[in-house]
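We have chain A already, so just place chain B on it with the hints.
If you're matching them up, the sequences are chains A and B in order. Take the first sequence: its position 233, counting from 1, is numbered 233 in the numbering used here, and each next residue is one higher. Take the second sequence: its position 201, counting from 1, is numbered 201 in the numbering used here, and each next residue is one higher.
Incorrect hints may have been included.
Where chains are identical, the list cannot tell them apart; a pair therefore holds if satisfied intra-copy or between any two copies.
What the hints assert, rightly or not - Here are the simulated SDA-like cross-link-like pairs (lysine to any residue), alpha carbons at most 20 Å apart as the crow flies:
hint : residue 1 : residue 2
1    : 339       : 3
2    : 339       : 2
3    : 339       : 292
4    : 339       : 26
5    : 339       : 356
No lab work stands behind these hints, which were simulated from the structure alone.
There are 2 protein chains.
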Amino acid sequence: MPVVGMVGGGQLARMTAQAAIGLGATFRVLAGSDSESAALVTHDVAIGSHLSLDDVASFAAGCDVLTFDHEHVPGDILTALESSGVLVRPGSGALRFTQDKLAMRDWLTGIGVPCPRYAPVASVAEVETFTGGSWPVVLKAVSGGYDGKGVWVCSSAAEVAEVMSHGLSVLAEEFVPFRRELAALVARSPSGQGAAYPVVQTVQVDGICREVIAPAPGLSSRLAESAQAVALRIAAALDVTGLLAVELFETPGGGLLVNELAMRPHNSGHWTIEGARTSQFEQHLRAVLDLPLGSCAPAAAGGFTAMANLLGGTDPDIYDRYIHVMAADPAVKVHFYGKEARLGRKIGHVTIVGAPGEDVAAVRDRARRAASYLRWGTEEGD
Amino acid sequence: MPVVGMVGGGQLARMTAQAAIGLGATFRVLAGSDSESAALVTHDVAIGSHLSLDDVASFAAGCDVLTFDHEHVPGDILTALESSGVLVRPGSGALRFTQDKLAMRDWLTGIGVPCPRYAPVASVAEVETFTGGSWPVVLKAVSGGYDGKGVWVCSSAAEVAEVMSHGLSVLAEEFVPFRRELAALVARSPSGQGAAYPVVQTVQVDGICREVIAPAPGLSSRLAESAQAVALRIAAALDVTGLLAVELFETPGGGLLVNELAMRPHNSGHWTIEGARTSQFEQHLRAVLDLPLGSCAPAAAGGFTAMANLLGGTDPDIYDRYIHVMAADPAVKVHFYGKEARLGRKIGHVTIVGAPGEDVAAVRDRARRAASYLRWGTEEGD
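Here chain A stands alone, though its shape is the one from the complex:
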């Protein structure tokens, strides 16, 4: 069996390690320290920095294919690895668009994918010109952002000035008064096979994903197919290997705008572990190994799956609350990432696979109650 190496030791690598066990693929992780989420559970862990060509190259030397749990490996390291013959999946040509939001926007616009209106901006005056007096406006760091970091919704020139004072390279985007947020997750293999999961609804609070409902309730098949088609089209045009998550806005007029791209397992796909025939982690491994892709069909047709992220609360000793949650709902699936429960930090998620015909509000509620109880010791928390 081939050896897959994943750069990054976070929860995505942790859950990929779990999927690799069944698949029979040998799995290695390059983690920053031995206490990282994936490093705690993976048999073969290398410790090193994803910012060091030496560390990444020596890790890659023990792998048949290299992939990633984040998008922070510098582009010059990726191209150096590729030049030396390492199979980097996805490749540097695709990954650069996850590291440069301006290039991503330009490229998407160039191939006709609908995006929010945007412009690079270098001064408060340029942002004011961009807004044309219509506030708020969204500023995004061109690189380095995640989980709401690097994104600012500004309601005044003063707020813009505060963001610009950090000296980051930013772009301005129109504030989209979206109806809701959706995500389309697809996989693509080097052989060109594509596979699309059901389109999901995501709920973000302060830029952090809090809930995912699969499939997106009440989404027309026209819009669902359109979201899947745009994701598959982007994956093919960028020659993505592995997963591509496309975050979308559903506009009040019933259209779609592409918000963000990620080329790895994605929080919007955690529901697939129990909710789909093939988990996104297994699918990513299949894709980077150029194995035939697995079925993206729901595990139980005719029902909803709800995923709620588990954030740290004020009492880090979660175990007693865990027991109560398990007792309250024997079908709740709690996933812990092995992370210390610091306030607001993503430390796990819970999944409820609803019965066919079970009301989506009830399924969401079960997931939300479990996550709230784990966080705060009450089912009525946020």
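Showing chain B alone in chain A's frame:
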């Protein structure tokens, strides 16, 4: 989170390691060598012998609770650990019945559980007396057997003499002309909570489990409940902690006879990874940690799940065949154990979760075809 240590590095420990990742339990394995199935994928592996009190005790010192992937740890080691305060789950009082089939038969008969007629035998003459001239007869080694090893179906005194010549301690059992074999898998926690999976049909060839169908097709609810009840009753009476698998014969008259017991995750429960809300591996961990037990409900109600064991064929290079199997059925789930594909050796299993209403023969066929192709390169093998 507590630390669970499992003695034994086989595929059951491997799949338990996988379940522990999601559950957030810290998991350690005591393996005989670093090439054993579970040792290949578990982060925290100790190498040592399950026959050495020193090795097991020093392993146990790093664990909050000790459990097992096989029943071969000698009883005196188990009692010594218990005397020194180690939480051994299941305990020595229960485990001794998996190591001594005669004691198990006597105990089951004593509490009124229906078993095949049996007797301890020390000579060919005693076996002939037992048979009363009615052949065949089943001889079983009192201890140490597994996967058909230690069980002989003898059709003549000469065959009995051959078995007896090995000098093993054996018992004789009536040959039951069963309609089919069933298995009832239950879990029990130290708090006394019990949970029962749907009763399955198992298909054995040469004493090796080849197929499992969940739930057992056409089984009356009366018989299903009776099988679950007997398993829960045995678990409670023996004070079992963790899983208890009860292998049963369904007799031509529509009755049940208990064939074997196992107190660990069991081959008849591999289907639960995809086919049930809670996998048997997660359930075993929950039970030994005295966490509330998970739902045993099918993942998709109204359908069948089929599991086929994957045995080694004559060509150990399985990867090309793997690709074909994945391409032929995107919903097939193949689980590899990381073992060399020697002829006839259990090296993995495949699972098909059928759609609600899908014909059970079709579901079985999908699993069997995949396993056959992986083994022989043809869907028409055994």
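Hint check results:
1. 339 to 3: Intra 26 Å, inter 16 Å, cutoff 20 Å: inter-copy only.
2. 339 to 2: Classified as between: cross-chain Cα gap 14 Å, same-chain 29 Å, threshold 20 Å.
3. 339 to 292: Neither. Shortest intra-copy (33 Å) and inter-copy (23 Å) distances fail the 20 Å Cα cut-off.
4. 339 to 26: Between copies, since 12 Å is at most 20 Å while 24 Å is not.
5. 339 to 356: neither (34 Å within a copy, 38 Å between copies)
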